[in-house]
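2 protein chains.
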Amino acid sequence: MAKKKSDKVKPQLVKGFRDYAPAEQLAREQMLTRVKEAVELMGFLPLQTASLELAESLLGPHYTEDSLAELFGFRGPEEVDMALRYEFTLSLARYVASQPTLPLPFRRYQYGNVWRVDKPGPGRYREFMQFDIDIVGTNNLLADAEIIAAMVSTLEHLGIERFEVRYSNRRILNGLIEFAGIDEKTGPDVFRVIDKLEKQGHDAVVAELGPGRTDQSGDKIRGLQLSEEQIAQMERFLKIADNSQHNDDPLDRAGALLDGIEESQQGIGQLREIQGYLKAMDISLDKTSVDLTIVRGLGYYTGPVFETTLTDLPDFGSIFSGGRYDNLVERFLNQSVPAVGSSIGIDRLLAALLELKALNLRDCTSQVIVTVMDKERIADYLAILHELRSAGIASEVFSGNTKNLTKQIKYADKVGIPFAVIVGSDEFEAGQVTVKNLAAGREKAQQVDDREEWLKAEEIQETIPREQLVDYLQNRLR
Amino acid sequence: MAKKKSDKVKPQLVKGFRDYAPAEQLAREQMLTRVKEAVELMGFLPLQTASLELAESLLGPHYTEDSLAELFGFRGPEEVDMALRYEFTLSLARYVASQPTLPLPFRRYQYGNVWRVDKPGPGRYREFMQFDIDIVGTNNLLADAEIIAAMVSTLEHLGIERFEVRYSNRRILNGLIEFAGIDEKTGPDVFRVIDKLEKQGHDAVVAELGPGRTDQSGDKIRGLQLSEEQIAQMERFLKIADNSQHNDDPLDRAGALLDGIEESQQGIGQLREIQGYLKAMDISLDKTSVDLTIVRGLGYYTGPVFETTLTDLPDFGSIFSGGRYDNLVERFLNQSVPAVGSSIGIDRLLAALLELKALNLRDCTSQVIVTVMDKERIADYLAILHELRSAGIASEVFSGNTKNLTKQIKYADKVGIPFAVIVGSDEFEAGQVTVKNLAAGREKAQQVDDREEWLKAEEIQETIPREQLVDYLQNRLR
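Residue numbers (this note's numbering), protein chains in the order written: chain A, 1 to 478; chain B, 479 to 956.
Watch out, some of these pointers could steer you wrong.
[As the list claims (entries may be wrong)] Straight line, CA to CA, 27 Å or less: simulated DSS-like cross-link-like pairs of lysine-lysine:
1) A/LYS375 with B/LYS892
2) B/LYS757 with A/LYS403
3) B/LYS892 with B/LYS514
4) B/LYS514 with A/LYS36
5) A/LYS36 with B/LYS892
6) A/LYS357 with B/LYS514
7) A/LYS36 with B/LYS765
8) A/LYS414 with B/LYS835
9) B/LYS885 with B/LYS835
10) B/LYS674 with A/LYS279
11) A/LYS8 with B/LYS488
12) B/LYS765 with A/LYS375
13) A/LYS185 with B/LYS486
14) B/LYS488 with B/LYS892
The set of hints was computed from the structure by calculation and includes no laboratory data.
Using the sequences and the hints given, assemble the complete structure.
The structure is reproduced here in structure tokens:
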């Protein structure tokens, strides 16, 4: 029965969602494997939590229909409000709160998708993969140092040579609010403005602390209306915070400026302690540095905060960030459970690694295709296939319907399979096989007009005795 | 500010959802890695599609609010109806339809979570992981044989020794409907009833083909009201289909019974062709067999269908199943794209592997914990930690707050870390370290009452020169 045209569904995705084609997915898997190796070497344990959470777990007990709609949230089975997670930290807090016998500190990693109803744009999707590491249940700053060490060794294990993990301490900034005579309640707004320093620059930040400004697109941004004196104090801090204008230790500069401010001095002391641990762990100090302009936007940080930039790709922003959050588990428990962690945006980092050519990419999984020219001899082709696979050589037999060799070779070339095995009746009789090096063909074809002709060229193929096939391929695939 | 009790959120999950604790997740990852290795050796390519799909992609163009509520479906951003996928095949069809230049046949694998609003129960969750392999774009039965071969080699690679992949062909059953003089439209209902044979037995099936029956819980199950003659024909088929009552080739028996039924004879011929391919690929024929009682419930199968049972755990049902579906991509395209595939329920198979003790389980990632007894010497402890990690030994330093050694050892024991390194001031002065074999302690502790006492026992520890530490551990961890 022929279907009416109106019964067809257009093959499209929800706005802001995407698929990962095989070559991209192979690169992602390779990257994920390396990240797991690095953090497992440091004793982090994998946890996998549910993708859907109760609305109140993500939004707190007083959420509204509107706040639920800011997530992928909905009223689900049994008339219960639920939403797809937008990060892992709340799920981790929920998990820890539900496991009273969990041995602490809990060193856990989790990776997977998170979902956000952001406005989609180039490289910005509504479903993307994150990889988090956290140490829960200790306020020992050794845990903070371990997180920074894990950030460094993960990036090194990924083959990234030039990067910088920079860190500061929210407690220094808390003291700064006192130092500048700013109302404590305005603190989070001040932090949010300082967080724009790297992207918007010094003048924009100062304007936003004061009367406000008009941005490039003509939109008016309201200022915090701080007094001139308050802004002057903030500017003194921004000046000493700028590492590019000084050669001495930023913690010395902050210590002198914020003299007598107990909270800031404690924050400075904490960073010195972390520095000591990093040194003892032999973490290369040229890859980690104190940067007092680091804030991190999230409201729940209470202590040290971390960011990571790729030296050769500063425009990617921070690709591995986190901090200490000592109060998050309180949403679920009548007790405070201190924690510290950091998070990689896997898809953004993947884009960066592809740009840095830091991954050893595979186009496909098969190394060899066994072509089929004579259906009567299919048992012989399958015997070759079996022999290759038994030797650990990833291979496939052409399972389409054509017996046309050129079409089979074109298929293999498009998929990216490097070698083709060809056995016609002459070769069968002579006990031989022909091996075509399609990868070589691909390289040459870039220099000539007709790629198809090159794939037929005799110079990229060799005829060898059948019994040498496995050795021949293994030598070339090494 | 102390929060009011009413501000607390109960740390719980959405009904039917679960978390995977570290030891479970380590086992899952190990299993996934092995499945990937097996199918990549056969040239399957990873695809990752979006978790949320447009409602019409999953349900067709004429879905209703009710059918959307049978999935985790909702009206999302931009007022668009969407739902979490409940399987991968429709997403694969959507992907193929949207990629006109995709090289075919497309051999792809995909793994990840799917979501179903089933009634939750023991071992039945609403979010669970599937692993699918499919070959799209060919009606060559070599592809069907490759899928069966992949099922066999995946299970072998997982270390499962006793299993059986059984297969039949929907086309034999289609012909059977004609043979029994049953209306074509009733066919799918007949298949659904025959599909119950293994679970409900012969008599229940015959009753459901006829007047109906009352099940164990007293519920009335409506019958298909077939005539006596029709049922007699069906019983003749069920009798020849039962391999346990015959020693000859089931395809011979079916060929004789369904003599002259073109559709069935073609189906039989197809299975003979597949058998020939499996033999040529040296797939152990004692692990694959024709079983004419196999139906598979899903409506979209059009040809060969496959099921897999674990010989030692028949109650787990089929753990790897699939078939040929030649019309599914038609939902999206005005052309037929033939395809064949099979799917593993990862979580169910994991439960089975755990029961079969087929996995080499790890409790945790760290092999060694470096205990901290003297905070003044933290740099020395961290130097040991660095040395272990540099030698590739997964290790952690105790990052909690206590200096109490017993508490640190108890933590390591609960996490499952096999070795603890202990360095007190005596050892520091003598250039020595003490290594405690907690794994040995765990084994012994099962035989004595006081586990804690055993963890303190001198017989499970050794004091060695500091410079021998890495060698000492590497020898014992091998």
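Here's how the hints hold up against the structure:
1. A/LYS375 with B/LYS892: It is violated: about 60 Å lies between the C-alpha atoms, which goes past 27 Å.
2. B/LYS757 with A/LYS403: Roughly 22 Å separates the two Cα atoms, so the pair holds.
3. B/LYS892 with B/LYS514: Measuring from Cα to Cα gives roughly 31 Å; hence the hint is violated.
4. B/LYS514 with A/LYS36: Distance ~16 Å between B/LYS514 and A/LYS36 Cα, so the pair holds.
5. A/LYS36 with B/LYS892: Roughly 22 Å between the alpha carbons, so the hint for A/LYS36 and B/LYS892 holds.
6. A/LYS357 with B/LYS514: Holds, at about 25 Å.
7. A/LYS36 with B/LYS765: Roughly 35 Å separates the two Cα atoms, so the pair is violated.
8. A/LYS414 with B/LYS835: violated (42 Å)
9. B/LYS885 with B/LYS835: This hinted pair is violated, its Cα atoms lying about 32 Å apart.
10. B/LYS674 with A/LYS279: Answer violated: B/LYS674 to A/LYS279 is near 66 Å, above 27 Å.
11. A/LYS8 with B/LYS488: violated (45 Å)
12. B/LYS765 with A/LYS375: holds (26 Å)
13. A/LYS185 with B/LYS486: holds (23 Å)
14. B/LYS488 with B/LYS892: With Cα atoms ~26 Å apart, B/LYS488 and B/LYS892 stay inside 27 Å; holds.
Hints 1, 3, 7, 8, 9, 10 and 11 from the earlier list are contradicted by this structure; the remaining hints agree with it.
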